[in-house]
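Participant: The chain contents come next:
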Amino acid sequence: MAKYIIRRLLEMLITLFLIVTATFFLLSAIPGNALTSKIAKLPKTVQTKIIQKYGYDRPVIERYVITMKGLIIKGDFGESIIRPGETFAKNLKAKLPVTIRLSIQQILLGVTAGILLGIIAAMKRGSYWDKLILVGAMFLVSMPSLVISLLLQKYCANGDILKLPIIGWPKGKELWLGGWKYTILPTIAGSCSFIAYYSRLTKTSMLESINQEYTLTARAKGLSEMQIVKNHVIRNSFIPIITVLPSTVAGILTGSLFIERVFSIPGMGRYYIEAVQGRDIPIVLAGTTFYAIITVITMLITDILYGIVDPRIKIGAGK
Amino acid sequence: MNSLVDKRFELADQSRFDADEVVRPNISYWQDAWRRLKKNKLALLSMAVLIILFVMSMIGPGLSGQNYTTLTPEIKNLPPDSTYWLGTDYLGRDLFSRLWKGLRFSIFVATVAATLKVVIGCIYGAVMAYLGGFVDDVMMRIVEVLNSIPYLIVTLIILVVLGNGYLPLLFALCITNWTSTARMVRGQILKLRESEYIMASSALGASTTRVIAKHLIPNTLSLIILDMATSIPHIIFDETILSFLGIGLQPPAFSLGTLLSAGQEAMAFYPAHLLFPSLLLCLLVLAFNILGDGLRDALDPQLRD
Amino acid sequence: MRLKKFFNLLLVTGLFAASLAGCNGSAGKSAGGDTAATGQTSQNEKKGPNGETLASEQIAHGQQFHVITFDTAQVGDSESGSFFLATCEGLFRENHGVLENAGCEKYEVSEDGLTYTFHLRKNKWSDGVEVVASQYKDTIERVLNADLACPYAFFTFPIKNAEKYYNGECDFKEVGVEAVDDYTLKFTLEAPEPYFTDKLSYTMFNPIRVDNIEKYGDTYGTDAMQILSCGPYMVQEYTASQSTVLVKNPEYWDAENVYLEEIDLQQIDETATQFQLFEADQLDFVAASGDYLKKWDQAASEGKCQLYTNGDVASQFFSFNTQESSPSGLMQNAKVRKAIAYTLDSQTFIDSVYNSRYTAAYGLVTPNIKVGDKEYRTEVPEPIKEEYSEYANNPEKLKALFHEGLKELGKDTDNLSTITIQFLGYGESTIEKDIEQYVVQRIQDNLGIKVNLNIVGDFGLAHSAQVAGEFDMCMQVWGADYNDPMTFIDIFRTGGSSNYGKYSSETYDKLLDQLAKEQDNEKRLKLYEEAETILIKEDVAIKPLLYRDKHSYINNRLKGFQYPVFGGKYEFKYAYIVEE
Amino acid sequence: MSQESLLKVEDLKVSFHTYAGEVQAVRGVSFEVKAGELLAIIGESGCGKSVTSRAIMSLVKAPQGEIKKGSKIIYHGKNLLEMNQKEQRAFRGGECSMIFQDALVSLNPTMKIGRQIIENIIQHRQISRKEARQEAILLLEAVGIPNPETRIDQYPFEFSGGMRQRAMIAIAIACDPKILIADEPTTALDVTIQAQIMELIKGLKDKLKTAVILITHDFGIVAGSANKVAVMYAGQIVESGGRDEIFYHPQHPYTLALLGSVPKLEWKNKQLLHAIKGTPPDLISPPKGCAFAKRCNYCMNVCLEEMPEITYFEAGHHASCWLHHKEVPAANKKMFQDDRKMIIVNENDFVVDEDQSYE
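Residue numbers (the UniProt record's numbering), protein chains in the order written: chain A, 1 to 319; chain B, 1 to 305; chain C, 1 to 580; chain D, 1 to 359.
For the record, the hints were derived by calculation from the structure and aren't laboratory data.
Certain hints may be false.
Stated by the list, open to error - With a cut-off of at most 25 angstroms between alpha-carbon atoms, the simulated DSS-like pairs for lysine-lysine come out as follows:
1) D/333 to B/7
2) C/411 to C/450
3) C/397 to C/450
4) B/7 to D/288
Produce the complete structure using the sequences and hints provided.
Facilitator: What follows is the structure, given as structure tokens:
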């Protein structure tokens, strides 16, 4: 097991290296760079100095070597070009907790509610509940999160139904716990698509399990429906759910862009997209690496989880 | 009496019937799938909706006979009336016509990008599965790397290198999406290759082409169709997001995404400008989703009895 | 997306040219009619500067500044500028469009206009340390440190030997700045520059605390909490991209005239949300946008809020690619350019697509820009306003002019529809991009030629295309850097870095050289007029479109709040809350 | 034979509602089984034999599956179909249990074997989990699984095919059921293991006096173990009787055809395997006459028109075929009897192994 994890982590390093390299060269290939807007209207002497400062007068390869050297020696990609002195790490410290809390709340609400609804739909197949959940999920998944957010802001915040703050995020002592009223709308808005997605996934997966022979065996043992679902169906139908969880976790990082924007939440998603749009290479590289690390680690965790849920899969036993 | 008895208990003329004829009509997989789909009212309804939407996207822009491309600010932001059925937008263009024209582009982008994605994914996946070994490893690593680079960067780069317009956008949308198809196809082919009936048919001397044509393709096809049906809504959303970020389609071309983002800017005063594109987008995605669900139910051989 | 706004800012407004304020001729007018004068002492604790009853709670609510850097030397945008207007005291402070002495009590200029002597006011930093002349000198040294590559370092170049030192050609001792004693600061200039004091009012020239900078080392400038204040307010709490709390600085020399106890700033990205909060009295001021304009102008006229309008010092225009290498190969001819330029009437344009917001431009230099104490735009008529009217809605005349130009090029043709020109557009929002089609329509309708609109949604890309000259005409916006027409006229010097159309005219360049030497404001006014006319009317290097403006709404309870023309977006020093 | 029948099925009709229409999978099946008796239900796949067994276990799933009104499954004088959920559950697994065809898919892949057995024990008997575990180990031992203490904590995929089926049996017999239904218990296994499993089932039947219903399509298995045989075709029992009667005196052409399709060691002249021509009828619209008519070599006009009556022969042996009608011309009957003689060459064909085989 330990050996397997070490091997996977080594593989991850190679992947990360490739990602960083690809990102670097792709970004460098685009005309214009982070300095473009900064220096566009400055006199030539100053332009030259600034370009020199950030090394943009050098060939791409040399810049790449410098960047990688910096990475190895200092362990980071350097400071932001757009915001002098700022580093990714500093922003990470400030913005990650926000994103993590938002993500956790969204995932907790979205995934658990989705799974619960999926179980209900699967168990009461053909009933009104099933149809209601199906139609509801379809609507939620077909609605852009932007529209959902705007609707929530319009109808849940102005005191007609609920009086909730429409913008902002808890800070300081309340960063992790507290300030709940700020988090309600963004959490709901962001979790809608998860509720929809997971309820459908759970239902399908449950039905698949229910149609398996072993469910028949369990029924033949005289177990009640509840016991069958609890002991036999759920565990088996969780296997596909667990395989998609990491992509949810990884996707939520940049995925909550709209939510962060509409509710003015200072999270990673917005920060990262802004860096991409501004070609702030050090930040983009750091962000991409960070994002990739999260993806790879969640994938590793999934594999391990997978092994726990499905005993047929042996972790580390070859491919 | 004898004659009567004789007739009843005479041996029946065996040539009159064919023992096989009694067999329940041997419904092929696709007929069966089609039959299942036909039973699914919701899926049929969504198919009808899609057809209507498609037809409207073709004829809709000309239907009201109003101008929808020239800017005539004198008549901007008109409320719906008998001339402008849904009113005019912030630059005096007929919203009704624009809606369908935008829909046309969204449908076009989604279907073409989904097709492209599937084709690229299939070829890539099949090559991976077929060649295996080192090539497979390298190609898988490429997929992994591509998956880990946020699609926004890749899209941005493609749009930059290839410029604005339909084709680069299509290309960008499919290039960021094909990896999932490739993985799926690879997995499916590897699974099938191991399966007994394929081994049996190769053992019986079937040529590779025959194995591919008779077994691999039909057995992968249902998955591919499903993949395509589920990617279309995704691609529609992706296109919307790009338009929203301002790096998608550039005026004068427009799509539902462009209309949506313009509508959002005008939301507070002309909610209709956001409402109609949103509704149409929802309807389109909803119909694709329901149809996709119906297809999955219809194509999943596990549920076949 | 915030970044896009940031780009927009940089593009629209220059360095310190704030995004909003005072058009319509004179300095900012607020419908609330605040004519607060500084220096007045309040007679009563409960009374405002004009005798209003003050609210017991003096807290203003605003939007978070999108501060890019907290290092004054690096500041190059009006958002960061706003932050330093509140927390720092430079030599001067703008009050209703007029520079008032702030950090300096008084100053003298020598006869030859080369020596400036400033007598500093006694002021303290928030940690109790005195503000002294050497701290101003430190600023110059730091800004000129080429390693730091400060964007607006060139503002100090008029100072003697400054550019030399910047390029590493001399010692700092030789630079013309001297702290005579703790309260006397002396600048020696290379050549006289009539608008030098205007430049000195900018953030970049604020005094710095070297000890504080050294304390934070490399991370200096990344966090508001590092900042020591010598201005009316100081930072109490700061969360990046989220919120800032500023409180009154008790050590500030003019603290008794600072009314606000606290300023709460919060990040609000969406315009709709901003107005929602403004309506709910949770936000004290908000910039107009889109259709909100109509609604809130109405509300302001009913007295529900105060309307604040003022011209911004940003000018929007098309640049023509004057090179033979332009895509169509036709743009080197001034008549061709003129024919195209005159198809579009600036006034009709803004009336049609901008709800008559902004001011139609027939010249380059915006209102609010002064030469000496005279406003340039009121002294000098816009060069093409008259001539344009001859061509207005006269396609025949425009076509004739166009043909004439083509003939001169030897490329005349009967079928104008075979001609295609490339229009490089740029816009942040869908609406901005859409609007550019209007221009295309006007040209096509009037001349019958084809216009190929290429809109680039990304600033970096648009800029690259501009620099590479991949256009026949391109949309350009320029925000003033300092209060003199030079900030605009200088763009089109041969080889200028933002002269994308590569306009080159000996006469024009000569006028610029002359202007650099000329100190007499009357003469300068004339020279500027001449240059602007050559550029726009004779050579038609650009087609002016509009002057941007500031258009904001302020809650009735907030008085004295200003949108300065230069230096920052907001000025809180004079603000106070009245009892309603 | 004076013994009271333990389970009695009367006129069982089961339909499935599919997209294509109502499939009448079981069309009026009646039989009974006594304690310590092994009833084999034999037929081609799709003839309704598995559905019959599932109907007894109340495993026919609504809404697609439907047990028609008038059907009766009587156990201890009570109609199972009228019992409430709780009583049904007590019957399932407790009184009556089932061995499924393919243990690989019938065992939960993600649950340890032990838990799957214990689950059944706890459900029906008031004992602690610890005791149940001991019991499970004993059960595994009883079904011939070596090292039951370690095996009990393994997952199904760690078992071989035969071992899995043994574990399946262990689950089935965990509560000493009165009735054991074995649905093709050996189909997925190779021949030697088949024999072992059948021996195991037979042993249980004798030791515990369990009534066994064996569902199979393989006469070879039936021959060695069954007391009674019911031949099913197209949802109906076409012939039923004691093992010997069915094997040596089949009265229905279908039974004969099935017997003919079994390869025999002692066929001397190179007879070809008698494959039955054609395929079973579509049960969505079953033929109005004999369902086998169109595949039958002796098909008469009447067979196509009317359902045959039941003809009773010696004790408990009956068949539904027009051939036995008194008015049928002797020539037709002779044709059948001649064929029967030809197919059943040696009377010992199927009994050879009875005494020696499973050792």
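Participant: Would you mind marking each hint as holding or not holding in the structure?
Facilitator: Status of the hints after comparison with the structure:
Taken as a hint, the residue 333 of chain D and residue 7 of chain B pair is honoured in the structure, with Cα atoms around 16 angstroms apart against an allowance of 25 angstroms. For the proposed pair residue 411 of chain C and residue 450 of chain C, the alpha carbon gap of about 16 angstroms is at most 25 angstroms, so the pair holds. About 18 angstroms separates the Cα atoms of residue 397 of chain C and residue 450 of chain C, which keeps this hinted pair within 25 angstroms; it holds. This hinted pair checks out: residue 7 of chain B and residue 288 of chain D have alpha carbons roughly 18 angstroms apart, not beyond 25 angstroms.
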